[in-house]
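Undergrad: Each chain is listed here by its residues.
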Amino acid sequence: MIELAYLALLLVISIALGRRILKYIGIGFNSSLEGMVFSLPLGLSAIAYAMLFAGLLGYLYKSVLVIILALLYIALWKDVGELLRIIFSSIRNFSFNKFVRKHDIALNFYSIVIILLLLFPLMNFFLSFSPPWHFDVIAYHLAMGKIYIAAHKVVYIPYMLFSNFPSLIDTMYMVGLLLSNGILANLLGYSLGIAFLASIYKFCQRFFNERIALLSSLIFYSFPLIFMLSRTSHIDVQLAFFVFLSVYAICVYSKSKDSKWLFLSAIFSGLGISSKVFGAVAAAVIFALLVLILIRDVSKKRMDYKSAFAKSAAFCIIAFVIVMPWLLKSYFFTGNPVWPELNEIFHGKYWDEKHQQGINVMHNLRKPSLCNYLRLPWDIVTQQGKRLGNIDEDLEIGPFVLAILPLYFFVGKKDRVINSFFMLLFVYLTVWFFLSHIFRYVIYAVPLIAIISGYVIHELLKINLLSRALKLLLLFTFGFNLLFFIGANAKEFPAALGLESEDNFHSKYPGPIYDASKFANSNLPESAKILLFRDTRGYFIDRGYVWADPLTQAYIDYSNIKSEDDYYKELKRLGITHILVNNNFGWRNPLHDVITSDYRYTPEILEMKDRFLEKYTRNLYNNGDILVNELK
Amino acid sequence: MRKKTKAVLMLLWIIFFYIAHYYFAIKKYLPMVRNYIPFFW
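Residue numbers (numbering that gives the first Met the number 0), protein chains in the order written: chain H, 0 to 631; chain R, 0 to 40.
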C-alpha cells in the first residue's frame, strides 16, 4: 500500500508542476479537469527528464529523486495547495441529486454506460497492483530501468536494442522503480491511462456534447487493446495519450487561433516521439494537419505567409527540443543520434544492414499489395489477415471500424472535427500499412476510432427504428468486453488483492524464467555475468547479463562465430561466466509456423549451442525448460 | 431513399459486421474457455 502513497505524491507534484508550466505558457482551459489532463503528463515528463539527466551524470539514487521531489514541492507549494483545494471542493460540492439530474440517471442506457465507465477503470486500478510479469515489461521496459538503478547511472546497454531508442515512458517507470517497485510503475502507467480516458471525455465535451463524451470514453476504455495495456508497464497506451493530446491541442488551436495551443501540440508531439519511435509517424502527420490548417488560414487571409511559416517552424523547433536529449543520449552511446536508423550514414556501434533487415522483417510481415491494403479494415475487425501477415493476432478493438465508422457518411450531421479525424485515420493507417503489420504500432489511431464511433452512434440513436437494436448491440459489446476482461485477468486478481504472494505468483507468471532467476540470484557469485540464450527477460536477475538474441543485438556478432570454439572464445572475451538457456521458448513466425527463423535462432546456431554446452559448460540448474550452466 | 429503408439497411450493415467480428472472436477464445485457462498473456 506504500505504492499508493508514493503515487499520490508523484501525481500531486506532477500535476502542480504541469499546471505551473502551462500557466507560464499562458494557456487557459475550460475546466480544472481539462487542465489536469494536460498537466499530469507534462509534469511527469519533466520529472522523468530530470531523472534522465541525473542518471546520465551518475546521480541515479533514491535520495536524489526524493530531494528533487521535495524541492519541487517547496517551489510549487502554492500550486499544490490550489490543486488540493480544487480536488477537495469538487468532492465537497458533489451532489448526487445534481449528478442524477444532469445525466438523466434512471434505468436507461446512459446510466449503464456511466456504471461501466466507472467499473472498467476501477477493476484496472486493482489489477495495477499485480506484480509485473508480461514479456516486454520484464525484457526491457522495467529491466532497463533496473539496470540503470543498479549502476546508479544511465549506462550504455549495447545488447538491449530498445535501451538506445527514445524511452521517456520507460524513464517514468524507472522513477517508479527507484522510489518503490514495479507496482508503482504499473500505477503510473494506469494513471496516465485514466488521464487519457478523461482527455477523451473532455475533448468530446468541448467539441460535441456530454452524451458523445460518455459514449466515446466507454467505447475507448472498453477496447481489449486499451484496458489490457493501460494498467501494465507497457508504453503503447501512454504513447497514444501524448499523440492524442497533441491532436486535441491542434483542434483547439484550429478553432481559437491561440498560438499557445499550437505550442502545446508541439510539446506533446515531441513527448510522443520521445516515448516510442513510431511516435515520429504520428507527429509528422499532425504537423501535416497543422500545415493544412495554416494554408487554409492564409488562403482565407486570416494570416500572412510569414506568420504561417513562423508557426510551422515553431512547431518543429519545439518538438525537436523535446526530443533532443534522446538524440544526444543515443549519439553519445552509439555514435548515431537516430540509432539504429540511418546507420549507413552515421556508422553507429553494434549494428549493421543484416540486423536492420531482420528487424524490418520482424516488424512487417505484410506484402504491400493493393489487396492487402483494401482488406485492412476487415483484418482490423476480424484479424483474419494474420495468416497472410497482414495483421498480427493481438488484442482487438471490436467491430466499430466497419460496423459504425462508414455510417458517418450517411448520417445527417457532419462535423469538421470528425472530418479531420477521418483524414488523420486514413493517413495513420496508410503509413502503418507500409511500416508494420503489428496493430499496436498504430494505437494512436484508436482514440480517433472511439470518438468517431461515439459521434456516429449518437446520431444513429436519434433514429427510432435503430435506437433500441443499436443499444442492445452496444450493451452486448460492452458485456462481451467485460467478460473478456474478467477471463483474461482472473489469474492476476489474487496477487493484485494481496491474497497470493508475489513469489508464488511469479512462479506461475512468467514461471520457469523466474525460478531460474531465483536460482541464479541465490547461487551465483555477485560478479557473475549471464548470457540469456533464447530468452531476454532479465528483470528478475540480480546479476549482470547479456542478451544472446541474434536478431535484436549485434554485440555478439554471430556472423563471426562459426563453431562452438569461436563462441566460447567470444563469450570469454565479453566476461560471460554463465549461460541461461530457455529450451522451451520460441518466437513463432505466423507465416511459417516454425519456432526458429532464418533471421533469429537458426538451426545452425541452435546446434552450435548444443555442442557448446556439452564441450564448454557444466550444468548447475535444470527445471525442464531452462538450464543454467557455468562456463568452464 | 426513404428514411425507413435507410435505417433498416444501416442496421443490417451493423449486424453483419457484428456477426463477422464476434464469430471470429468467439472462435479464437472458445478453446481457451473450454480448457478453463484464464486466457491470454
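Calculated directly from the structure, the hints in this document are not laboratory data. Heads up, a few of these hints could be off.
Claimed, not checked - Example chain R residues on the side facing chain H (calculated, C-beta under 8 Å, incomplete):
{"hint": "1", "residue": "T4"}
{"hint": "2", "residue": "L11"}
{"hint": "3", "residue": "F23"}
{"hint": "4", "residue": "P30"}
As the list claims (entries may be wrong) - Derived CB-CB ranges, DEER-like:
{"hint": "5", "chain 1": "H", "residue 1": "N107", "chain 2": "R", "residue 2": "I18", "range": "18 to 28 Å"}
{"hint": "6", "chain 1": "R", "residue 1": "K3", "chain 2": "H", "residue 2": "S255", "range": "34 to 44 Å"}
{"hint": "7", "chain 1": "H", "residue 1": "R467", "chain 2": "R", "residue 2": "R33", "range": "26 to 36 Å"}
{"hint": "8", "chain 1": "R", "residue 1": "P30", "chain 2": "H", "residue 2": "T429", "range": "11 to 21 Å"}
{"hint": "9", "chain 1": "R", "residue 1": "I18", "chain 2": "H", "residue 2": "R467", "range": "45 to 55 Å"}
{"hint": "10", "chain 1": "R", "residue 1": "L8", "chain 2": "H", "residue 2": "I485", "range": "34 to 44 Å"}
{"hint": "11", "chain 1": "H", "residue 1": "I111", "chain 2": "R", "residue 2": "K3", "range": "20 to 30 Å"}
{"hint": "12", "chain 1": "R", "residue 1": "K3", "chain 2": "H", "residue 2": "F421", "range": "24 to 34 Å"}
{"hint": "13", "chain 1": "H", "residue 1": "S88", "chain 2": "R", "residue 2": "P30", "range": "51 to 61 Å"}
{"hint": "14", "chain 1": "R", "residue 1": "L8", "chain 2": "H", "residue 2": "S89", "range": "44 to 54 Å"}
{"hint": "15", "chain 1": "R", "residue 1": "P30", "chain 2": "H", "residue 2": "T601", "range": "26 to 36 Å"}
{"hint": "16", "chain 1": "H", "residue 1": "L464", "chain 2": "R", "residue 2": "I18", "range": "14 to 24 Å"}
{"hint": "17", "chain 1": "R", "residue 1": "I18", "chain 2": "H", "residue 2": "Y58", "range": "51 to 61 Å"}
Said to hold, decoys possible - Below, simulated SDA-like cross-link-like pairs (lysine to any residue); rule was C-alpha separation at most 25 Å, straight line:
{"hint": "18", "chain 1": "R", "residue 1": "K3", "chain 2": "H", "residue 2": "L460"}
{"hint": "19", "chain 1": "R", "residue 1": "K3", "chain 2": "H", "residue 2": "K299"}
{"hint": "20", "chain 1": "H", "residue 1": "K528", "chain 2": "H", "residue 2": "A279"}
{"hint": "21", "chain 1": "H", "residue 1": "K254", "chain 2": "H", "residue 2": "D303"}
{"hint": "22", "chain 1": "H", "residue 1": "K608", "chain 2": "H", "residue 2": "N618"}
{"hint": "23", "chain 1": "H", "residue 1": "K348", "chain 2": "H", "residue 2": "A279"}
{"hint": "24", "chain 1": "R", "residue 1": "K2", "chain 2": "H", "residue 2": "V410"}
{"hint": "25", "chain 1": "H", "residue 1": "K470", "chain 2": "R", "residue 2": "V7"}
{"hint": "26", "chain 1": "R", "residue 1": "K3", "chain 2": "H", "residue 2": "N463"}
{"hint": "27", "chain 1": "H", "residue 1": "K254", "chain 2": "H", "residue 2": "R210"}
{"hint": "28", "chain 1": "H", "residue 1": "K256", "chain 2": "H", "residue 2": "F319"}
{"hint": "29", "chain 1": "H", "residue 1": "K145", "chain 2": "H", "residue 2": "Y5"}
{"hint": "30", "chain 1": "R", "residue 1": "K26", "chain 2": "H", "residue 2": "P223"}
{"hint": "31", "chain 1": "R", "residue 1": "K2", "chain 2": "H", "residue 2": "L404"}
{"hint": "32", "chain 1": "R", "residue 1": "K2", "chain 2": "H", "residue 2": "L460"}
{"hint": "33", "chain 1": "H", "residue 1": "K348", "chain 2": "H", "residue 2": "N618"}
{"hint": "34", "chain 1": "H", "residue 1": "K470", "chain 2": "R", "residue 2": "K5"}
{"hint": "35", "chain 1": "H", "residue 1": "K461", "chain 2": "R", "residue 2": "V7"}
{"hint": "36", "chain 1": "R", "residue 1": "K3", "chain 2": "H", "residue 2": "S311"}
{"hint": "37", "chain 1": "H", "residue 1": "K299", "chain 2": "H", "residue 2": "S311"}
Beta carbons are placed, not taken as given, at the ideal position from N, Cα and C, and that holds for glycine.
Undergrad: Each hint should be assessed against the structure and marked as holding or not.
TA: Verification of the supplied hints:
1. T4: 10 Å, violated
2. L11: 10 Å, violated
3. F23: 5 Å, holds
4. P30: 13 Å, violated
5. H:N107 <-> R:I18: 18 to 28 Å: Hint holds: Cβ distance 27 Å, inside 18 to 28 Å.
6. R:K3 <-> H:S255: 34 to 44 Å: Since R:K3 and H:S255 have Cβ atoms about 42 Å apart, the given range 34 to 44 Å holds.
7. H:R467 <-> R:R33: 26 to 36 Å: 33 Å, holds
8. R:P30 <-> H:T429: 11 to 21 Å: Given about 35 Å between the Cβ atoms, the range is violated.
9. R:I18 <-> H:R467: 45 to 55 Å: Violated, since R:I18 and H:R467 (Cβ atoms, about 18 Å apart) do not stay within the stated range.
10. R:L8 <-> H:I485: 34 to 44 Å: 36 Å, holds
11. H:I111 <-> R:K3: 20 to 30 Å: 28 Å, holds
12. R:K3 <-> H:F421: 24 to 34 Å: With a Cβ separation near 27 Å, R:K3 and H:F421 satisfy 24 to 34 Å, so the hint holds.
13. H:S88 <-> R:P30: 51 to 61 Å: Since H:S88 and R:P30 have Cβ atoms about 52 Å apart, the given range 51 to 61 Å holds.
14. R:L8 <-> H:S89: 44 to 54 Å: Holds: the Cβ-Cβ distance is about 46 Å, inside 44 to 54 Å.
15. R:P30 <-> H:T601: 26 to 36 Å: Since R:P30 and H:T601 have Cβ atoms about 31 Å apart, the given range 26 to 36 Å holds.
16. H:L464 <-> R:I18: 14 to 24 Å: 19 Å, holds
17. R:I18 <-> H:Y58: 51 to 61 Å: 59 Å, holds
18. R:K3 <-> H:L460: Within the cut-off at roughly 14 Å; holds.
19. R:K3 <-> H:K299: 41 Å, violated
20. H:K528 <-> H:A279: Between H:K528 and H:A279 the Cα gap is close to 36 Å, so the pair fails against 25 Å, i.e. violated.
21. H:K254 <-> H:D303: 18 Å, holds
22. H:K608 <-> H:N618: With Cα atoms ~14 Å apart, H:K608 and H:N618 stay inside 25 Å; holds.
23. H:K348 <-> H:A279: Distance of about 23 Å is within 25 Å: holds.
24. R:K2 <-> H:V410: 11 Å, holds
25. H:K470 <-> R:V7: 15 Å, holds
26. R:K3 <-> H:N463: 10 Å, holds
27. H:K254 <-> H:R210: Holds: H:K254 and H:R210 sit about 22 Å apart, inside 25 Å.
28. H:K256 <-> H:F319: 23 Å, holds
29. H:K145 <-> H:Y5: 18 Å, holds
30. R:K26 <-> H:P223: OK: R:K26 and H:P223 at ~16 Å, within 25 Å.
31. R:K2 <-> H:L404: Within the cut-off at roughly 19 Å; holds.
32. R:K2 <-> H:L460: With a Cα-Cα distance of about 14 Å, the restraint between R:K2 and H:L460 holds, given a limit of 25 Å.
33. H:K348 <-> H:N618: 34 Å, violated
34. H:K470 <-> R:K5: Satisfied, since the Cα-Cα distance of roughly 18 Å is no more than 25 Å.
35. H:K461 <-> R:V7: 14 Å, holds
36. R:K3 <-> H:S311: 48 Å, violated
37. H:K299 <-> H:S311: 18 Å, holds
Hint compliance for this structure: hints 1, 2, 4, 8, 9, 19, 20, 33, 36 are not met, and every other hint is.
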